[in-house]
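Chain residues, written in single-letter form:
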Amino acid sequence: MALLKVKFDQKKRVKLAQGLWLMNWFSVLAGIIIFSLGLFLKIELRKRSDVMNNSESHFVPNSLIGMGVLSCVFNSLAGKICYDALDPAKYARWKPWLKPYLAICVLFNIVLFLVALCCFLLRGSLENTLGQGLKNGMKYYRDTDTPGRCFMKKTIDMLQIEFKCCGNNGFRDWFEIQWISNRYLDFSSKEVKDRIKSNVDGRYLVDGVPFSCCNPSSPRPCIQYQITNNSAHYSYDHQTEELNLWVRGCRAALLSYYSSLMNSMGVVTLLIWLFEVTITIGLRYLQTSLDRVSNPEETESESEGWLLEKSVPETWKAFLESVKKLGKGNQVEAEGADAGQAPEAG
Amino acid sequence: MAPVLPLVLPLQPRIRLAQGLWLLSWLLVLAGGLILLCSGHLLVQLRHLGTFLAPSCQFPALPQAALVAGAVALGTGLVGVGASRASLNAALYPPWRGVLGPMLVAGTAGGGGLLVIALGLALALPGSLDEALEEGLGTALAHYKDTEVPGHCQAKRLVDELQLRYQCCGRHGYKDWFGVQWVSSRYLDPSDQDVVDRIQSNVEGLYLTDGVPFSCCNPHSPRPCLQNRLSDSYAHPLFDPRQPNQNLWAQGCHEVLLEHLQDLAGTLGSMLAVTFLLQALVLLGLRYLQTALEGLGGVIDGEGETQGYLFPGRLKDMLKTAWLQGGVACRPAPEEAPPGEAPPKEDLSEA
Chain A
1 MALLKVKFDQ
11 KKRVKLAQGL
21 WLMNWFSVLA
31 GIIIFSLGLF
41 LKIELRKRSD
51 VMNNSESHFV
61 PNSLIGMGVL
71 SCVFNSLAGK
81 ICYDALDPAK
91 YARWKPWLKP
101 YLAICVLFNI
111 VLFLVALCCF
121 LLRGSLENTL
131 GQGLKNGMKY
141 YRDTDTPGRC
151 FMKKTIDMLQ
161 IEFKCCGNNG
171 FRDWFEIQWI
181 SNRYLDFSSK
191 EVKDRIKSNV
201 DGRYLVDGVP
211 FSCCNPSSPR
221 PCIQYQITNN
231 SAHYSYDHQT
241 EELNLWVRGC
251 RAALLSYYSS
261 LMNSMGVVTL
271 LIWLFEVTIT
281 IGLRYLQTSL
291 DRVSNPEETE
301 SESEGWLLEK
311 SVPETWKAFL
321 ESVKKLGKGN
331 QVEAEGADAG
341 QAPEAG
Chain B
1 MAPVLPLVLP
11 LQPRIRLAQG
21 LWLLSWLLVL
31 AGGLILLCSG
41 HLLVQLRHLG
51 TFLAPSCQFP
61 ALPQAALVAG
71 AVALGTGLVG
81 VGASRASLNA
91 ALYPPWRGVL
101 GPMLVAGTAG
111 GGGLLVIALG
121 LALALPGSLD
131 EALEEGLGTA
141 LAHYKDTEVP
151 GHCQAKRLVD
161 ELQLRYQCCG
171 RHGYKDWFGV
181 QWVSSRYLDP
191 SDQDVVDRIQ
201 SNVEGLYLTD
211 GVPFSCCNPH
221 SPRPCLQNRL
231 SDSYAHPLFD
241 PRQPNQNLWA
251 QGCHEVLLEH
261 LQDLAGTLGS
271 MLAVTFLLQA
281 LVLLGLRYLQ
291 TALEGLGGVI
301 DGEGETQGYL
311 FPGRLKDMLK
321 TAWLQGGVAC
331 RPAPEEAPPG
341 EAPPKEDLSE
351 A
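Protein chains in written order, with the UniProt record's numbering: chain A, 1 to 346; chain B, 1 to 351.
In short, the hints are calculated from the structure, not lab data.
Just so you know, not all the hints are guaranteed correct.
What the hints assert, rightly or not - Calculated pairs, DSS-like style, for lysine-lysine (alpha carbon to alpha carbon, straight line, at most 30 Å):
#1 A/K90 - A/K310
#2 A/K15 - A/K135
#3 A/K154 - B/K320
#4 A/K193 - A/K47
#5 A/K164 - B/K320
#6 A/K47 - A/K164
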């Protein structure tokens with residue numbers, strides 16, 4: 001009992017082949033889209049690798065790029081097959097290759113689905129690398145003279161301006177690290193000396209933030225220094241002041257950016273996966289209906305196409321049997337050789 | 001009447017003309033599309049930068065005119081594609097015969113006129129940008145502190161975002177901020193002696209400082225940003241005089257915006273010029289093709305040689321013919337007599 005049998009006459013077969021040919025070429029376009037999505041994500045991750053400790057996983061963009069290339073290759077091949085399917089002579093050439101090709105297509109579809117799932121699930125690892133990377137980035141903010149880290153100040157400043165965020169989890173992170181280089185501290189000033197002495201590690205900590213934390217929407221000029229000291233500024237209460245600095249932490253901001261990027265890529269990949277599954281099903285019907293054309297000369301005859309020759313459990317049993325036979329095949333040959341030798345000996 | 005600029009067109013050159021016209025028409029479609037994109041982009045940019053241009057500035061007329069001209073060029077290109085395709089196929093040509101004439105007139109008058117207007121605007125308007133920016137930026141800077149005045153409350157945010165995005169400070173340099181009160185009086189402590197002194201020492205009662213807003217800060221500077229007391233060289237020890245420009249953005253917003261907008265207008269202008277050339281070629285080619293095929297009576301594959309021309313006669317002759325035809329149409333009665341006389345004479349001669 002075949003699975004989902006459909007009757008095909010000549011016209012229907014021709015229409016199926018033509019439709020599949022068109023769909024395959026659209027699918028090549030879709031493969032290019034997946035490739036460019038993967039490339040875009042890779043470039044975006046590379047751009048901010050400084051604040052990700054250079055240890056971020058590029059699994060998602062790499063797999064998208066790979067899937068895009070494979071999709072282009074498979075679908076252009078399928079397009080060629082569909083084009084030749086209407087010509088019996090040309091189709092005879094492809095006939096022996098079609099079954100393995102369809103098996104590969106099914107495998108490809110499964111992998112594509114897994115890649116689409118990965119787009120949604122892999123944001124957790126990104127969160128960790130971002131947290132670590134931002135912490136280190138802020139630590140090296142003041143090292144503008146150290147080769148290898150001199151760019152960190154610029155990177156963090158541009159990041160905070162672009163993503164409208166401040167610090168790792170909030171602006172108070174800046175109170176805990178020394179972000180002003182010793183080179184620009186006036187050690188003859190009493191205030192500086194007092195601060196450094198009062199700190200256990202001898203660091204110069206201030207309740208101030210860099211200028212890139214400032215929010216342009218604030219009605220008053222930005223208050224960067226002595227943020228927690230209400231008396232230092234006229235008509236200022238740091239508990240109620242919300243517009244002065246960016247409230248969001250950069251880790252949350254970057255995570256939300258990359259999450260939305262990967263989510264939309266996952267949705268697009270899922271839609272393309274559905275398209276590919278449709279194409280594979282259509283190709284299967286074309287293959288089975290063309291194979292069943294009893295007389296190769298009489299192309300006008302009706303034939304049946306199906307997804308599976310027998311029902312699912314029977315097909316699975318037959319598959320297992322063929323696997324066992326492969327295993328037994330070697331044994332039978334060995335026994336046959338022994339049996340052959342025994343009569344000879346005997 | 002001798003035709004103007006005739007060109008003999010046997011079958012093969014006609015086919016070549018149609019094929020070349022098809023290619024040129026697709027190029028025209030592409031150019032029209034690019035103009036649509038470019039003027040759309042310029043319009044979006046102007047929407048963001050509108051506050052920094054004086055309200056009397058006419059510059060937004062340029063992308064609007066270019067948008068319409070681009071759409072007409074696109075339409076002309078598509079007509080050219082269709083007509084040149086049809087002229088190679090005998091079954092498709094007859095419906096085009098009647099339509100082509102009026103379309104050519106519309107394309108020349110409408111499309112050509114629009115393109116010339118847009119080109120003229122592209123050449124003339126960028127000159128007015130300088131004054132408009134001067135006035136607009138001056139107003140924006142003056143209203144920076146007015147975050148509670150309705151109508152100007154967005155000025156601070158817009159100026160800050162402008163300086164951050166375009167990497168500039170002030171109008172022509174950071175010192176412009178020294179001449180403007182950019183700290184709102186609401187946040188000035190009236191009991192602070194320094195504030196009172198500053199306000200009293202100023203003729204207009206403004207609170208002027210030698211400081212700049214945070215958006216002027218340059219992230220490339222190796223030291224944390226110095227925003228206050230910039231004219232006092234003793235205020236910031238260890239300030240490296242060899243790197244004065246790294247602390248704040250060196251460029252003024254006027255120069256940056258002027259260059260940006262003039263570049264965009266220049267690109268748009270050159271694309272308009274190319275489209276004008278393409279459109280002229282396409283319209284000329286279509287005219288020659290049309291007149292050549294009319295000479296054959298609309299039969300595409302006629303092997304005979306025909307002439308293509310621009311105008312059937314010189315302008316004076318055409319006007320005279322048109323005048324005469326108009327005059328004849330207004331004299332119905334005398335027309336009847338001469339034909340009435342001729343047939344009786346013929347009968348007599350036959351008989």
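Ascending list of hint numbers which this structure does not respect: 2, 3, 4 and 5
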